[in-house]
Structure formats: structure tokens, C-alpha cells
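Asks: Residue-level listing of the chains:
2 protein chains.
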Amino acid sequence: MKLQKNAAGRLVPNEVNGEKLMPFMGVNKYKPKGVKAKPSVRSCIDYPMDGNKVVKNLKEALKKAGLKDGMTISTHHHLRNGDALTNILFDTIKGMGIKNIRWFPTASFPVHSHLIKYLEDGTIHHIEGSMNGPLGKFTSDGKMKGVGVLRSHGGRYQSIQDGEVHIDIAVIAAPTADPFGNATGDRGPSACGLIGFSLADSEYADNVIVVTDNLIPFPCVPWQIQGNNVDTVVTIDSLGDSSKIVSGTTQVTKSPDRLLIAEYVAQFIDEAGILKDGFSLQAGAGGTNLAFLLFLKDRMKQKGVKARFMRGGSTQYLVQTLEEGLTDYILDGQTFDLEGVRSMRENPNHVNTSPFTSYNFHGKGNFASLVDVAVLGATEVDVNFNANVVTHSDGYLLHGIGGWQNCLYSKCTVLAIPSFRDRIPVILDEVTTLCAPGELVDVIITERGIAINPLRKDLLKAVKGSSLPIKTIQQLKDEVYEICGGAPAKPKVNKDKVVAVIKWVDGTVIDSVFQVVK
Amino acid sequence: MKLQKNAAGRLVPNEVNGEKLMPFMGVNKYKPKGVKAKPSVRSCIDYPMDGNKVVKNLKEALKKAGLKDGMTISTHHHLRNGDALTNILFDTIKGMGIKNIRWFPTASFPVHSHLIKYLEDGTIHHIEGSMNGPLGKFTSDGKMKGVGVLRSHGGRYQSIQDGEVHIDIAVIAAPTADPFGNATGDRGPSACGLIGFSLADSEYADNVIVVTDNLIPFPCVPWQIQGNNVDTVVTIDSLGDSSKIVSGTTQVTKSPDRLLIAEYVAQFIDEAGILKDGFSLQAGAGGTNLAFLLFLKDRMKQKGVKARFMRGGSTQYLVQTLEEGLTDYILDGQTFDLEGVRSMRENPNHVNTSPFTSYNFHGKGNFASLVDVAVLGATEVDVNFNANVVTHSDGYLLHGIGGWQNCLYSKCTVLAIPSFRDRIPVILDEVTTLCAPGELVDVIITERGIAINPLRKDLLKAVKGSSLPIKTIQQLKDEVYEICGGAPAKPKVNKDKVVAVIKWVDGTVIDSVFQVVK
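Keeping their order, the protein sequence lines are chains U and P. Here my numbering = 1-based position in the first sequence + 3. Here my numbering = 1-based position in the second sequence + 3.
In isolation and in its complexed conformation, chain U is listed as follows (with noise of 0.2 angstroms):
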């Protein structure tokens, strides 16, 4: 492995995991070239032509998969927290004597810290793929086996798209499924609203395996997954523990600081000149989003202004606008509540999407671009507006990207961030890790200011002799550092080793993250 500096100047590796990394050129600097990845032609031959691929269990169905050491093998992480079927899988894994596997999960969660005694005795030699929590701590102390690879949404869409990651078997939860194994995420007990993310692995993966615990008579309608992409289909008695699987954190802050924040949110983009009829927006799961959310649709109704869309994550809130009439549709990439899987279950305007329509960069467009203003959180941004997702300012990698990279394409991207945490500043002079080049990140919305970025100079022009504390970055950090008592600590890590690469969203590495030392 060699370090080399990429575009951004941040160090990154030549390679990991034995295999060649691009380093990161630039904002729309790099083109691909060549043609997407080439699953193999099948036959229905080799399918039960009544369609019935029910096997015995997951051990018979990664079996006839041809399960062997160093294969990938890629989960969705749409069940988060209540997922039982990923830690199921690698002790079936392990059970069969199998070494060495890449996996290759959507993003993983604090549930899945039961992986790693399996990450320690080599069953798993590394996860290419976010890591919340545990896994990413994991990760940070150097004890995982290879190099972890962190993508955007879109960037593992383009990965497997492009052919960088060949996905051997793909396991895919199922709240219900028809025994072709068309399946939907939307009802039955382990409800999670849609299973998208699985798309990719659907169409390109050697093998499909569909896990359901809600198996119905064939067709399961809708089939977000298309049973002519699956391989078998497995029952289970559970999923997972259905409480957890939809997000803890879709309660409105009761902070006064974050609310203040969404208020700035809300005026900002009113004051901007965005929130005009058919408008369209991206806002997230977290408290400080969901107040923003409620702020926004005041100012919405007091204007007689309607949006043309919304994206998720869906909540009550988001169903709310549309069942009021505040928006035309919501384009949903997952649900963070029941409400949000209800709403998808039963009204046709909320739309389930993909990282395929929604995210992917190396496609004719995506949805990302379309978006009037994007409102997302960040653990650091610098005074040149790059921003961190990833880790926090003591090194540790503790968060996933979701779709945060590809938002970052809207048309205004909004990070809405307290300007500091547990009295650590969350406006630098320099991120630890680099996710967002600052070229793409348009607004920093803290409860102490907002900073425009000098590049749009539209937006500065928008908002001047607005009541809004505009401000410059500059300033926002100095005011930040002297009730902080200056930068924080840099982090202790080892520079000679890479624990983990952070891929942007066309494929090339942006930035690295090395291992903690304490």
C-alpha cells in the first residue's frame, strides 16, 4: 500500500485488499469509461418452471449457491437496528467452515457487533460498506483483517454498476415474499417500507437469495425485488425484532439551540427565494430536521405554497405534508417510521426509490441534481466548507455516508449543524476526514450563524438585508474556538496504516482513515 495525495490533498492509498483505488481528481473531474458490470445469461431451464424455489433453509441455499472462502456476500440494512437476519447468516457462515468473506453489507448497525467475533476469527476478512457505531471502533483500533471501503449510496450503485465489486451471493431480507421470490418491504410483521437498497444486488450478484418471514402465494405485489432476479427463497421464522427496525431518532429536539437552528432552516430557505410552488426538498431523519420540517410547513401554508416533491427518509412529519396536501408526492429512499411504511403501503404518491434513481452518478442523471435545497447534519465542517460524516474530531469512525455525498449535487446543499459538541467545535479550520469537497456545500446553518459559501454568490445576494445572522465561516469558527478554548485535540492515529478508505461518489478515494492510538 502506498499513500499518494489525491485533488483534495488528503493522503490516500494506491490500493486496498489487494485490489487498485483511483485517487479522487476533482468535482466531476473523473470519466468513466467502459461498460457496466456483465452478469451471466441464464436459463429457465434451470428454475422450477412452477416457480416454487422454496429451499429447506439459508445453510441449503448457500449451499447451491457454491459458498466459498473469500467470496462476497452483501445484506441490505433496511431492518437497521432490529436486523437478527445478518448475525443468523454468519453463524450459519461459520457453521459451514467458510473464511475469508467480504462483506458487502448496505450499511451496518450496533446489532451487528455480534459479528464481530467473527471479524477476529477470520470468518469476515473485512465489510466494505458503513459502519455504525461498534464495528466502525472496531475498525478505528486496527483490529479488522483488511481495509474497510466506505460509499455513499449512489457509489455502491456505481460500484457494482461498473464492475468494482463483483457480489458472489446476495442475501436479502424480506418482510414479504412469494415463493418466485418477488418480494416487497412494505408489509408484513417485519415491515421496513421498501428494501431498494438491495436493488443493485438483485440485478448483478451471481446468486439471489430472498429471506422472508412473510411468505404469501405468488405474485407478492409490488415486487420491489423482481423474482426473475432470484435464485431461492428461504423462510425464517423472524427477521428481525420489528420495534428497532425503524429508527429511535424521529422524535422532534426539544433542544432550544437545534430548534433554533430549524428555525433558521426554515427562514433561510423561505428568505433565499427557494420556497415557491412546486419546489422540492431533501430532509432526513434527526431531530433538528424534523423541527425544520415543522417550521417549514408553517411558512408553506402561510404562503399558499405547495412542493412538487419531497425526499425521505420518510417520517410521520414527512407523511403529514402529503396527506395535507403540501406536496405532491414524497420520493422515498427508505422509511425511518411506521408511519412512513404505512403512508408507502397506501398511497400511491409516496413513491418508493432507489440509490438506482435516485443516487447513482454514473447514469444518464439522477434525482439528487433535481432537488431545489438538500438540509443535512455533518460531524465537522472547515472554513473552506469541506465537511466530515464520517468521523468524529478524535479520529474514531463511528458513522456511516447514507446518501449524504449524493444530496450534496442539490441545488442548494444546507448543512444545519450546532457549532459545537460536548465543547468540541464542530467548525474547524481543517476536517479530520474529508467527505464533501466544500465547492458542494452551499450553507452552514448553526444556532450561532449562518455562513454562505463565496462561491454563490446568488445565495449572499438572496438573503442580504435579511434579519438571518449571515456571517463568514471565518468568523463562525473564530467565535466557536474561543468558547471552545481553540481547536480541539488533534487525533492520535497511526499514519502508516489505513483502517478504512472513503470512496467519492464517481468510484475514486477522497480520503482515508487511519487507526486510533491511544
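It should be emphasised that the hints constitute simulated quantities derived from the structure, not laboratory data. There may be inaccurate statements among the hints.
Repeated chains share a single entry, so a pair holds when one copy, or any two copies, can fit it.
Here are the simulated lysine-lysine pairs, DSBU-like style, with alpha carbons at most 35 angstroms apart [to be verified]: (1) Lys5 - Lys102; (2) Lys67 - Lys279; (3) Lys467 - Lys304; (4) Lys62 - Lys102.
What you are looking at is a predicted structure, and each value in this text was computed from that prediction instead of being measured.
Since chain U is already given, all that's left is putting chain P on it; use the hints.
Replies: Okay, now just chain P, sitting in the frame of chain U:
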């Protein structure tokens, strides 16, 4: 071009239009190797970030797509005999001075006789796709420069997916679309239901042009065609004559003979034990088929039986079946009347399907083989249960294959046909053109008796003792020959000139169509 006998004993060429062909090897004998077609990887960099792909006109879009002599251009036939776009398209191509186009429609109709002049002047080299009526006659007369290639709907998907046919430019008529290229057929002034026959085109063509007469703001929901696969969008005044978009053959027959056939079909399905809770059927349009559905509904009501799904083409009668609660779902491949269009738009249990889900033989199974009973027509059947659906006994190629070959894979395939037409026997010693290998045809139902394929001992046993007029196929043929005065005259054909080849569902050639001479 050299002719050889294939496994069915039919003479087929080893190449046409400079491309090699494989002879039919028998049902379920040919197993494909290799990988799927490989579309180029694209990048959002090359598409407008605001999602607006609208260009001035069709000529502009074709120029942008790099239209050149000899290219393959595809269109769909969901607008049927009301299609104006395809004629406008080739007027434009002619105006640009382009020659030798391979036209690759999903089917052609009498309205496309406008294109005969372009077949004559070399603008179009040949047609690969069904030729209903005048274009079929033109081809049969030996006037087309190249050789026609006829495929089933599933075979067309298979040929694109497998890379046998590379589409340079797909032109997709979209009754409603947005500037990003998302498109649907279920609404708008030229609504035709679905446009799923263009799915493969949108996925695999180098360049995809969506043409609409109803442009709406993003997002166009549902997106039967995904804008992420679309290069440019063009608006025109009208896609076609909406009164002719829906087929005129959707009236229940009044002929006593056809009504008798329809009654026999319903009785057979009942007495053969197929009519039970959760059963499924495929019924197309055509007067006999519509009548049989009405008789079957009576029996369903009497028995208190509900179907799990019914497959269309949908008509008002199928829609009524759904709305009366006699089936859980309609799985629809194309809508044959305006009630079908409305139902698909409004009823989530009226599901649109595609040749990929329904018919592609080179996938991991398809829907067609899951259907309990499919009731189809035919132009000819022979004493070995072989059937013909494309030519008449005079040798003229006047019909397309449609989904007919694909549906032969149902658990029970019934051909519901009159025993003669215009005093010409429909049951013969040998079919003029082989489209269905006899082993896949289970039952022939005519007004003068029912013949069950001897391979289906189970069905023969099931209807033993029934009041149905069960006969041998030989008996039926003898009766018909007696009425009509023997076998029809053999068509006068030039065996040295193949004018079209008929593909089997796996891409091999099952038969040839020869030039008709006078």
C-alpha cells in the same frame, strides 16, 4: 445463406442479414452461455444537472444520438393502429438522408404501411419484429431488402439482453413524461396503458429518446420507463389517433360457433379440475376469448371460486372480473381498451408487467410458466399438435407472434380455434409455418370437438366421463377435411428465398417463411 433442417425437421437458414443463426434444437435443449449485453457506463457529468433533457425536436434528438446509415432503431407498438410517431420518425430519418436502417419494433400494424416507401427506397433495410397485415404481405412478396426476423415478446427481450440485437437508438412514445425522461403510458391524451415493451430498449440501447405529447413537471409517476436510462426528451403535438390506440377487437363474439367454443373452454377448465381457489389464467383479446371469460365467470360465481391472478392484455371484461372480486390481481402486459387503461391507472391490484418479468426465457424463471391455464388462438394446428400463428395456409405472413410462444409454457395451454375458416381447414396434416412445437400444446378446442395431447394423460383422465366432445386430433382433422373437401392447396412458395425467420423463445430458429409466388 444455406438452409439446414433443425430439430423440428424444418428448413432454416444458418444466417440472415449477415448474422449467424442457431437452428432450433428442441424444447428446453439449448442452454445459453456467456454474459448479458454490456451497456456503456455513463456519468451525470454528461447530462444536465437540472434534469432537463428536452431538446428542440426529433431531428435534433436523432442528431445528438449520432444517427448514421445502417443503425438499428427501435420503437414500441403500444399505440397500435393509432401510432403516428413511427411514421413521423421515419419521415424525419428519410429527410436526414439516412439509409439502411434496421427497424426493430415490438410489432407493426397496418398504419405502418406508410413505411413501405422507405422499405422500397432503402431508408429501411429490413424489419425485425411482428408484421401485422400490409408489411407482412410486402415481405411475403419478397420485396423487402433484408430478411424479416420474428420474435415473441419474451424472445425480443432475450435477444436484447443476450446481446444478439444491439439497439443504437430507442425511440419511445410516452403518453406522459417529465423533462428527465421518466415516462408512463397510463395517462395523457394518448394513454395506452403501459409501455413495458420498451423496457429492454431503455435498459440496453446506446441512446434513448422519449417522445411525448404530454410533458409534465418532474416526477412523472409511475415511471414505467426510468429517466435514468433516457438521453433526451422530445415533445410533439400528438403521438397518435387515440381512438385507434385501443384495439377494435374487444367485442364479445356473436358467432354461434365461437360462442360454443367459448363454452367448451369454460367447461373444460372447470371439469379438468383447473377451476379451483387460487387458480390463474391468461386470456387475450379476441371475441372468443372474451366470451370464454364471461362463461368462466359464471362458473366461478357458482362454485365460489376466486382466482389469484389473471393475465391480460386487459379489457373491460378482465377489469370487471377484478372489480367484482373474482381475482386478486390482473398482471397485465398490455391494455386493449380504455377500461384497461383506467383500471391500471387507478387500481393498485391491476399491475403492469414487462416482457422481462412475464416472458424472458433467459432469466431466473418467468411468470408465463406459473399460469395454470392459457387460452390462445392460432392460424393452423396440425395432427402432431404443432401450431402456427404467423402465416395463413396461402403462405402469407400476416400476424405477429406476440406473447403467444411464451404463454405455451403455462401448465395447460389451450388453443381455442374454429375448425375451419372461409372453408379452409384450420386443423391440418402439417402446419405451413411452425411456431409452437406440439409437445407444448395441451388442448385444442373447436366447435366440433376437443382434442387433448396424448402426452397429457392427466388431462385425458381428468375429463373422462365428461359431457365434453373429446376426440382425437386425427378424428377432428378428418371431419374438417370432409367438410372442406380435403387439405387446402399448398402455398406456392419459392423455396430458394427465405423472407423471414421465426425465432423460438431461446433465440434459435424454429422455422422459415418463404416468398409467395403467384
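Asks: Which constraints among the numbered hints does this structure fail? Numbers only, ascending.
Replies: none
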